[in-house]
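K.L.:
Number 95 in the UniProt record's numbering belongs to position 95 of the sequence shown; there are no gaps in the numbering.
No lab work stands behind these hints, which were simulated from the structure alone.
Think of the CB as a built atom: it goes at the ideal place given N, C-alpha and C, for glycine as much as any other residue.
Any given hint could turn out to be false.
Calculated pairs, DSS-like style, for lysine-lysine (alpha carbon to alpha carbon, straight line, at most 25 Å) [as the list claims (entries may be wrong)]:
#, residue 1, residue 2
1, K101, K158
2, K300, K220
3, K193, K24
The following label-pair restraints were derived from C-beta to C-beta distances [what the hints assert, rightly or not]:
#, residue 1, residue 2, range
4, L183, R295, 37 to 47 Å
5, G236, D139, 49 to 59 Å
6, R227, P97, 39 to 49 Å
7, V112, D79, 27 to 37 Å
8, G155, R295, 52 to 62 Å
9, M201, E36, 22 to 32 Å
10, E202, D27, 25 to 35 Å
11, R227, D166, 46 to 56 Å
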Amino acid sequence: MSQAEGAVDEGGPTREFFRLLMMKIRDSMLFSGPEEEKYLNLDSDALQRGLYRTFGVMIAVAIVHGGVMPGFFSQRLYDNLCERETPAPTLGDISDPELQKKLRKISEAQHVEEARDAINEAAESLSLLGSYRYITTLDGRDQLVQAATTFYVEGRTKEALQQFADGLRTLGLLREIRTHPMLFTEVLMKRDKHLTATDMMELFEPSLSTVGSNRWRDEKRTEGYWRDYLIDVEDGAFNITLEDILVFASGADRIPVLGFNPKPTLEFLSDPTRRFPEANTCLVQIRLPVLPTYRAFAEKMCDRIIQSPTFGVA
Numbered sequence: 001m002s003q004a005e006g007a008v009d010e011g012g013p014t015r016e017f018f019r020l021l022m023m024k025i026r027d028s029m030l031f032s033g034p035e036e037e038k039y040l041n042l043d044s045d046a047l048q049r050g051l052y053r054t055f056g057v058m059i060a061v062a063i064v065h066g067g068v069m070p071g072f073f074s075q076r077l078y079d080n081l082c083e084r085e086t087p088a089p090t091l092g093d094i095s096d097p098e099l100q101k102k103l104r105k106i107s108e109a110q111h112v113e114e115a116r117d118a119i120n121e122a123a124e125s126l127s128l129l130g131s132y133r134y135i136t137t138l139d140g141r142d143q144l145v146q147a148a149t150t151f152y153v154e155g156r157t158k159e160a161l162q163q164f165a166d167g168l169r170t171l172g173l174l175r176e177i178r179t180h181p182m183l184f185t186e187v188l189m190k191r192d193k194h195l196t197a198t199d200m201m202e203l204f205e206p207s208l209s210t211v212g213s214n215r216w217r218d219e220k221r222t223e224g225y226w227r228d229y230l231i232d233v234e235d236g237a238f239n240i241t242l243e244d245i246l247v248f249a250s251g252a253d254r255i256p257v258l259g260f261n262p263k264p265t266l267e268f269l270s271d272p273t274r275r276f277p278e279a280n281t282c283l284v285q286i287r288l289p290v291l292p293t294y295r296a297f298a299e300k301m302c303d304r305i306i307q308s309p310t311f312g313v314a
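Could you put the whole structure together from the sequences, leaning on the hints where they help?
P.N.:
Next comes the structure, spelled out in structure tokens:
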């Protein structure tokens, strides 16, 4: 088993807490869409209870105090928060498959009568969107579909967006987002670049024994295993990711924009009874077992990291 880190939180538990919190927020009913491109979903009960504001506050605190990057805002949500002009929503932006199907049927109607029939079939949904009306031309059909789409995607969530933005004002975050929109895309939107083996090699600085000593030779061999292991993980040789390794070491699944402080380090476990890697998430430190073969090293690394998906076990 790994060694205890003590009861003082110097960053690791905080990062892990906020990382897990961001995952819960991302997967909540207040958001819809793909995992890394979420937009606001309307929940009238949550709106009445002020949960959009609460979630905004949580995200602001996680970024400012935890250095955690949510990384799940869609381009449209981000642009709306930055008060930037957005392109007209399309049917593909509608998360409700039934509504999307009804509007698509109207949009693809070849004749006015066919479009009217499709509109009547969707009368209840269109009425809720304020878009149910009689059309006389195919241009009118297109205007109806666009009005319904725009209201569903942006109009009905306007109050929720305002409440969410109010929460993000906490600690001055929203002001900074609007002042530096390009910088904060890395923080709030999906990552364009995932971790690489090279990133991890450069991130962790090895702490080695005296050059030329027996312990130094063992540590250099283990450092080589570490580098080979990172490359194999990047290539998909094992059932873990480089992000899993970073979580094990730091409690975060992304390298903060400003990096970690202090600089992450590699330590080496010369005690032969300590055959599994250990981590200190506060110091962002990995302690590598000194083992005779790469195969043994890789097995112990995978076993411990797979068993330690969250802070408290690492």
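K.L.:
If a hint holds in the structure, say so; if it doesn't, say that too.
P.N.:
Comparing the hints with the structure gives:
For the given pair, K101 sits about 24 Å from K158 by alpha-carbon distance, which is consistent with the 25 Å threshold. Between K300 and K220 the alpha-carbon distance is near 18 Å, which keeps this suggested pair within the 25 Å criterion. With a CA separation close to 23 Å, the supplied pair K193 and K24 stays within the 25 Å bound. For L183 and R295, the hinted distance range of 37 to 47 Å is satisfied, since their beta carbons lie about 44 Å from each other.
For G236 and D139, the Cβ-Cβ distance of about 51 Å falls inside the hinted range of 49 to 59 Å, so the restraint holds. Taking the beta carbon of each, R227 and P97 are about 47 Å apart, inside 39 to 49 Å as hinted. Evaluation of the 27 to 37 Å hint for V112 and D79 yields a pass: the beta carbon distance comes to about 35 Å. Distance hint check for G155 and R295: the Cβ-Cβ separation is about 59 Å, which falls inside the suggested range of 52 to 62 Å.
Between M201 and E36 the Cβ separation comes to about 25 Å, which falls inside the hinted range of 22 to 32 Å. Distance hint for E202 and D27: a CB-CB separation of about 32 Å, consistent with the stated range 25 to 35 Å. R227 and D166 have their C-beta atoms about 47 Å apart, which keeps the hinted 46 to 56 Å range intact.
In summary, this structure violates none of the numbered hints.
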